[in-house]
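Just so it is clear: in the sequence shown, position 121 is 121 by this note's numbering, and no numbers are missing.
Among the clues, some could well be false.
To be verified - The list that follows gives simulated cross-link-like pairs (lysine-lysine, DSBU-like), each with its CA atoms no further than 35 Å apart: (1) K112 - K342; (2) K2 - K329; (3) K159 - K329; (4) K111 - K342; (5) K329 - K9; (6) K2 - K111; (7) K2 - K112; (8) K159 - K342; (9) K341 - K9; (10) K159 - K2; (11) K341 - K112; (12) K329 - K342; (13) K112 - K329; (14) K341 - K329; (15) K111 - K329; (16) K159 - K341; (17) K9 - K112; (18) K9 - K342; (19) K2 - K342; (20) K9 - K111.
Hint data in this document are derived by calculation from the structure and do not stem from the laboratory.
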Amino acid sequence: MKLEPYYLKMAEELHQHCPVVDAHLDLAGELLFRVQNGEENPLHTHYLSALQAGGVNLLFSSVYLRNEDLTEGGLRNALDQISVLLSALEQNPEFYLIRTAQDIEHIFVHKKTGILLYFEGLDCIGTDLRLLQILWELGVRGASLTWSRRNLLASGCCKGGERIQIPGGLSPQGFLAVQEMERLGMFLDISHLNDDGFADICQAATRPFIATHSNSQAVWFNYRNLNDAQMQALAAQGGIMGLNGCDCIVGATDGQDPLMMLCCHLEYAVSLIGPDHVGLGLDFCDSYTKAEPRFSQPFTPHDCLTDHSHLPELTAALLQRGMPQETVKKILGENWIIYLKKILPPA
1 MKLEPYYLKM AEELHQHCPV VDAHLDLAGE LLFRVQNGEE NPLHTHYLSA
51 LQAGGVNLLF SSVYLRNEDL TEGGLRNALD QISVLLSALE QNPEFYLIRT
101 AQDIEHIFVH KKTGILLYFE GLDCIGTDLR LLQILWELGV RGASLTWSRR
151 NLLASGCCKG GERIQIPGGL SPQGFLAVQE MERLGMFLDI SHLNDDGFAD
201 ICQAATRPFI ATHSNSQAVW FNYRNLNDAQ MQALAAQGGI MGLNGCDCIV
251 GATDGQDPLM MLCCHLEYAV SLIGPDHVGL GLDFCDSYTK AEPRFSQPFT
301 PHDCLTDHSH LPELTAALLQ RGMPQETVKK ILGENWIIYL KKILPPA
């Protein structure tokens, strides 16, 4: 898609004057790999300039465990990821850990990039729900019950490169985990959950849940994406749908224009569930591959945008295709900010 200079300039101005939020990056895991490989300050070296160029104010950092990280449940690896991330934040005053709604105000007043810590799957706690309290004390503010695999709490959907319907909803312990997360104040993420699990969450959740990085099945069929009924259910209870930028989730794997396809997902979501329930959760997988090349086997998703510095190109494309500026601002970050101020503890 060829972008006109007029819209690129408008986009760059928006990114400097309105909230910009990305609700999914495997930052903690990437930093752990880089530190283990001898890098001294990878947060500054590999991420700071791109985030600043894209005007990103707040980033959700997931703690993601690969299959090989699940030795003895994966708890040690998860804690290592948290430790490395917290150390990186201490080393880089440009960043700030978000624990409360008040912290969101802090990052805008002091011009910092907020990092919100959450778990992409709770494999590492097994069924020991007491560990959720410990994670909360460490700064974890949300979680999905599972990634794209079965654990003791729920069944995940298939991986992004597959098209397999996987049955099985939440286990009894999974329902208890939802209750405990809500008691603590954690948000619940349904990305990677299968259809049965989504239905169970609709019955069990009493606080608004979200999809941090999922797209629309109507635009591109993939079980990692949400169908219309799921999107409408998510919006009806006050949730936000963060649109994913990976090619296999977007549907840009067979020669389609990646930027155009991503716009199609955003436009469809806005038309179906309204502009107040759509955001970004870009899931930049290419950065994970660069941090740990073994991650690229046997299936490697790729990103529709190179990194956060190219995010204004998506904004320009939406504006050029006729999306109102006020709607674009909501998608860029306003919706996530409103949601987090409601869901996080006030101070």
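Legend entry - Violated hints - listed by number, lowest first: 19
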